[in-house]
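2 protein chains.
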Amino acid sequence: MTVRSFHPPQRTLMGPGPSDVNPRILEAMSRLTIGHLDPAFVGMMDEVKGLLKYAFQTENELTMPVSAPGSAGMESCFVNLVEPGDKVIICQNGVFGGRMKENVERCGGTAVMVEDSWGDAVDPQKLEDALKANPDAKVVAFVHAETSTGAQSDAETLVEIAHQYDCLTIVDAVTSLAGTPLKVDEWKIDAIYSGTQKCLSCTPGLSPVSFSERALDKIRNRQTTVQSWFLDLNLVMGYWGGGGKRAYHHTAPVNALYGLHESLVILQDEGLENAWARHHKHHLALRAGLESMGLGFVVDEAHRLPQLNAITIPEGVDDAAVRTALLQDYSLEIGAGLGVMAGKVWRIGLMGHACNTRNVLFCLAALEDVLGRVGAKYERGVAVNAAEKVLAAA
Amino acid sequence: MTVRSFHPPQRTLMGPGPSDVNPRILEAMSRLTIGHLDPAFVGMMDEVKGLLKYAFQTENELTMPVSAPGSAGMESCFVNLVEPGDKVIICQNGVFGGRMKENVERCGGTAVMVEDSWGDAVDPQKLEDALKANPDAKVVAFVHAETSTGAQSDAETLVEIAHQYDCLTIVDAVTSLAGTPLKVDEWKIDAIYSGTQKCLSCTPGLSPVSFSERALDKIRNRQTTVQSWFLDLNLVMGYWGGGGKRAYHHTAPVNALYGLHESLVILQDEGLENAWARHHKHHLALRAGLESMGLGFVVDEAHRLPQLNAITIPEGVDDAAVRTALLQDYSLEIGAGLGVMAGKVWRIGLMGHACNTRNVLFCLAALEDVLGRVGAKYERGVAVNAAEKVLAAA
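Line by line, the protein sequences give chains X and A. Counting from 1, one number per residue, gives the positions in the first sequence under the numbering used here. Counting from 1001, one number per residue, gives the positions in the second sequence under the numbering used here.
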């Protein structure tokens, strides 16, 4: 059977990522490929590093994109910082804390789980109790912005507590980077990873990471070899390290990096604070619309992520039927629940380029229509009007 | 300092990869991003699997691209097939055999090295001797097409010998796939990995892999957990497995996969045998031109890869100066030597879309000019004429 070229449908991406990609980024990805050791490419790599430092608000020299998706970025933090026998405290309040546990155990470490309910922020007191009970712990890991629930935790406080007990910190910022305040140096985060397909609005496939000097000390003084050759930062540093000759490690994903570069230029031009404010403003508008329809948030107001709105599916409404209707009739993607929240919540993303007035109003109008078909009674336009009022007042 | 959008120079890529990318592929990569769980995307994933089966000449159900560069494809073969304590025989005849050793040791295995000179093919007799001396060996690994030297080994014979001693086989086909005959099922290869940036002429960043039923048996019956969460095929299979519901594992690099899909459609339309023949024909033309200039190949004729031509740098000629002149004056990239061959050889790639008449003639003309400047005496046009004669006769 002959396969033909693939032409994707035009979607509006308001799920948990990938989010709508800025056309400037798509155009950048289609620029001519050059060699990964070409002087012009090496110069671009240095710019990517500089722009990522800005996005992460850090001066960490080892700030770069891992050449693979966010889950490989997560793994690069764990395989480099955890040695066999190390005890790691993991604060779990959603799916991705569970993945951290998998990582620790595959590194030969012991994971001590500190559990909070899904939808809650991580409780600093529970972390402190766990550190008191486990004085031999070496690393604390948690998710800053839980993509599975839309809850934001107080990273600064959690890192401060971890440091009081002389632990390094690994922070998942996949969904927070560029969407909500994140300050790696001010908050003294030791190792952090993110993804390109969330609030950077780039295509999926790369994972920006950053490591503090303290983390690098640990890596340089490991007793054992890092179990992954591909993710061994001792080797990756020789390639992304900069400052002189680059040692060949792997072949960088050249065009994907063009895209990341362009997305970071866009972020630089908008300004980080403006990007955060844009996410906040549109979240408030979306919230007003959703609440006018009687839809409730999973996360309490104080800990809600503006860029990921998890809402409870109304009693009796068929999760999959609604998402299918949104996709088929409106070409609009919203996210399903993950793990224990499957079938119970929808996740509406307002990430990066997708976080704009058009999408907020379009999503509310589409939801009004589709939920109306399954029996819910909404006066047409109320949700859209509620959102517009918030936008006008902003 | 404000960073601006990056606009790469237009190069001709005749190094060891990335090779010139077909503009159809670049255009495909710039198509609109859709969700990685979108039904339209899932359908495209199935097509990619089918097209990769054709490229690898296999019916292996587990045939898919790893969401990371070739070195991660290599690692996915080793972490899944090698358990702590396993003995692995590695036939090394260049850089990449050494990287295999690194992989085995990081998996807790023991590597038994079978060495051949760089530039030689792997000697089947040496492999057989090693298997006799190591009856407890479980895996044999070798490179089909050594990117560092341009030597091709007899994969079919090596696999046959390995199977006689009840070993699984891991084969590096990064440079061979789509450039030179490769028949995974006929040759009974158990695990194989490749890259997208060589003879598929796609952008770098993905690693097509394929695993036989025999390899999957081993993976399903492992005593220990795979040390990498990201590369654990037990999990990846749930995502790429097809045939029904897909389990979320990681977010696929959507646009990079558009590019791979397009490159495989191009390969399907040309036909694998025609692609192999095109590589062979242009290699003969390039060879005629190079030999008319007195430039000699590193590899003997019987084992030369058409797509990677390693030639000895003439006595007294400055390696870096020549490559810099080719890049600056002709925007032409050829490859430097790697490892022990650094400074001693150039590697001229004729890979995929870059393997065409224009590039052969252009490269020879540029070399004539640049080598002429450093004192070599060539009658202008002789090399180009020699190549043209071969092309006319083909």
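No wet-lab data here; the hints were simulated from the structure. Just so you know, even glycine gets a beta-carbon here, dropped at the ideal spot from N, CA and C. Where hints are given, some of them may not hold.
Stretches of chain A that chain X covers, calculated by requiring three or more beta carbons in the stretch to come under 8 Å of a beta carbon on chain X [unchecked claim]: (1) 1041-1053; (2) 1116-1130; (3) 1194-1205; (4) 1297-1304; (5) 1378-1392.
Checklist entry - Among all the numbered hints in the text so far, which are the ones the structure does not match? => result Numbers 2, 4 and 5 - these are the hints that the structure violates, sorted from lowest upward.
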